[in-house]
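Engineer: Spelled out, the chains give:
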Amino acid sequence: MAEILASVIDGVLIGAVYGLAAMGLTLIWGVMNVINLSHGAIIVFGMFALYSLSPMLGLNPYAALPIGVVIGFVAGMLLYWVAVHRVIGRPPLMSLLSTFAVNMVLIGLGTAFWSTSPYNVPVWLPSVSWQGYTYTGTHIMAAVLAAVIAGLLYLLLYRTRIGKAIRAVSANRAAAELSGIPTTQMLALSFGLGVTLAFASGMLIATLFPFTVLSGGAYQLKSFVVTVLGGLGNPAGALLGGIFLGLIEGVATPFMPVSWMPMIEFTLFVIVLIAFPRGIFSYSRT
Amino acid sequence: MQLPRLCLVAAATVALASPALAADSDTLTIGFTVSQTGKLNTDSIAQMRGFDLWRDEVNAKGGIKVGDKDYKINFVSYDDESQNGRVQQLYTRLITQDKAQFLFSPYSSGLTATAAIISEQYGKVMLTSGAAEEKTYELGNKDLFQVYSPAAQYLAAALHALREKDPNAKIAFVYEDDPFSKAVTHAVRDLAVKEHTAVVLDEAYSGSTADFGPIINKIIASKADALLGGGHYADGSTLARQLHDQKANLKWVTLLVAPDSPNFAGLGDAATNISVPSQWEPQVRFTPDFGPTAQEFSKAFNAKYGVDAGYHAAGGYAVGLILQHAMEQAGSIDPDKVAAALNQMDVTTMFGRTKFATDATEHGLQIGHDMVLAQWQMKDGKLTKEVIWPAAGKTADIVMN
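So the protein lines, in turn, are chains A and B. Take the first sequence: its position 159, counting from 1, is numbered 159 in my numbering, and each next residue is one higher. Take the second sequence: its position 218, counting from 1, is numbered 218 in my numbering, and each next residue is one higher.
Just so you know, the hints here were simulated from the structure itself, not pulled from any lab data. Don't take each hint at face value.
[Stated by the list, open to error] Partial list, derived from the structure: chain B residues whose beta carbon lies under 8 Å from chain A:
(1) P214
(2) A221
(3) P288
(4) P292
(5) Q295
Ideal placement from N, C-alpha and C gives every residue a C-beta, glycine not left out.
Only chain A is shown next, with the shape it has when bound in the complex (with noise of 0.2 Å):
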């Protein structure tokens, strides 16, 4: 019983940090329709933020974190502009090929830049001993600081005038603009917040996990599990979703192998998308 509480404690923590990381995705397509294929790239390239901003430069990781999502943000509203605004309202296929194309470019300069030898970002927090189990400080901040940016993005969506202007860009874009709303600044910037939970996300996962270049692919994968089981364009549902796949890989690890996981989980993502395809915490199925 201690080791099923323990491993659900733990899925709950790390479901939390795989939910933010799904927020950015699931943000960028409810707004534009775009679904971010360079999402586990940005992911890794903010593990890589905390590197060069911790280890290297000596700044706290947690200090680094708001440098980080400036960068991220920065970074995202350029990426946008360069890769995304031609894109937005043609072929879906457009948007993909051009994100893909834009997850190898920035690939490929993480690996002239680093190679894809592993590199670990040293972080000590004290730890909670329970039952002979062991909660890292770590793991606990960062589900933490998920949960605190999670709130930051529904304070900004649902109590800001910004907020309001991207929802309704992301609701209808054409009657939005009749209203006077610069629809394109505002695409730009759920962008930019899309690649700034990415970033965020990466610079936590960084402080758990060593990591490379290659690293990004895994959690991509795991942030459509989570958008899908969330709902697609749905910031909040995503939070949940990934701490319900979290809930579920500690309650089916004990009794199967580790490796039978991504089995699991890409079962649930079809089951769901064919069952609910507005995601399992909507009301109505369609």
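Since the structure of chain A is provided, determine the placement of chain B on it from the hints.
Structural biologist: The following block gives chain B in isolation, referenced to the frame of chain A:
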């Protein structure tokens, strides 16, 4: 009319100056791929550095003397990105386009199994290092020669050392789901069962695993005293760090490959007392029949690269030495004569003894070389790697957690 003629002359000049055409008949071309990128790059680059050091030393001395000729060594290599598909494509290219006369293997059992299909298809002699899985050598290959000890030997020493310190230890086997790690771990698991040692967990994981939390919870729940397993550098170093962070409280941890790298010491406390089966350690005191001693090799390697040599680097250097010796013994670079010399070989180098099986059922399998068990130990606040097994060759006593 002048311009086309000028172009023709320029083209002819460039062609004559190109390395492929300019190479004279006294140059020997050896082809191989290196995982410059991808998950195997740490170990593969170390192996390549071993190759490079051997080539540079040979060329500095005027080449390999075969009969009355001196052959300089020319390497042709490509980045296989740690992918089987690339290995298949590139070894074909090395043979058909680059005209490699001999081949070295890529790093890892999985990639070597793919390269061996190509080398055998074209009848090229290929010496393998970083490829311990036995299966590849049991397929009737004729021109494949293994320099490493086979996979079954990797963890046997760890099991025996553990049983000597704690005969009742309960063991968890946690290993990467790849051909090499599975072959190694399954062999020692069967040995443990045969010797009535309690096996409380048997769990494979994907090589891309970053979060070992669920597996570590299983290890804690199993009440294991010891963990044997791992895979390669990326996953092994991650597992070691998380075992430490999550306070798995194991008395004994032996991981494959990763702790052999000097980079492993960067894990600090997480690396302490972790042991690794090693094909070679700088402290070994073999008396070589030819070539440098282990200490001379270590010194030269450190002078060239500024880092200490691990067994991947030493293995890379050793394949060069062995191929060189085979050619010198054969008095020819004819592949059949070199293969015959390799079949007859029973020598000791800085890497230890080398002898290849000549039986058709396991031709090329290494049957002469022995492994050692090394352990990272904290001494005066500094991590050092000590040989702890076999007892006859140890440089320090075994330390349990």
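Engineer: Does each hint hold? Answer for all of them.
Structural biologist: Hint check results:
Checking P214 (chain B) against chain A by beta carbon gives a least distance of about 4 Å; that is within 8 Å, so the hint holds. A hinted interface residue such as A221 (chain B) counts as satisfied when its beta carbon comes closer than 8 Å to some beta carbon of chain A; here the least separation is about 4 Å, so the hint holds. Against a cut-off of 8 Å between C-beta atoms, the interface hint on P288 (chain B) is violated, since the closest Cβ of chain A lies about 32 Å away. Violation of the interface hint for P292 (chain B) is found here, the shortest Cβ-Cβ separation to chain A being roughly 28 Å, above the 8 Å cut-off.
A hinted interface residue such as Q295 (chain B) counts as satisfied when its beta carbon comes closer than 8 Å to some beta carbon of chain A; here the least separation is about 28 Å, so the hint is violated.
Checked against the numbered hints above, the structure violates hints 3, 4, 5; every other hint is satisfied.
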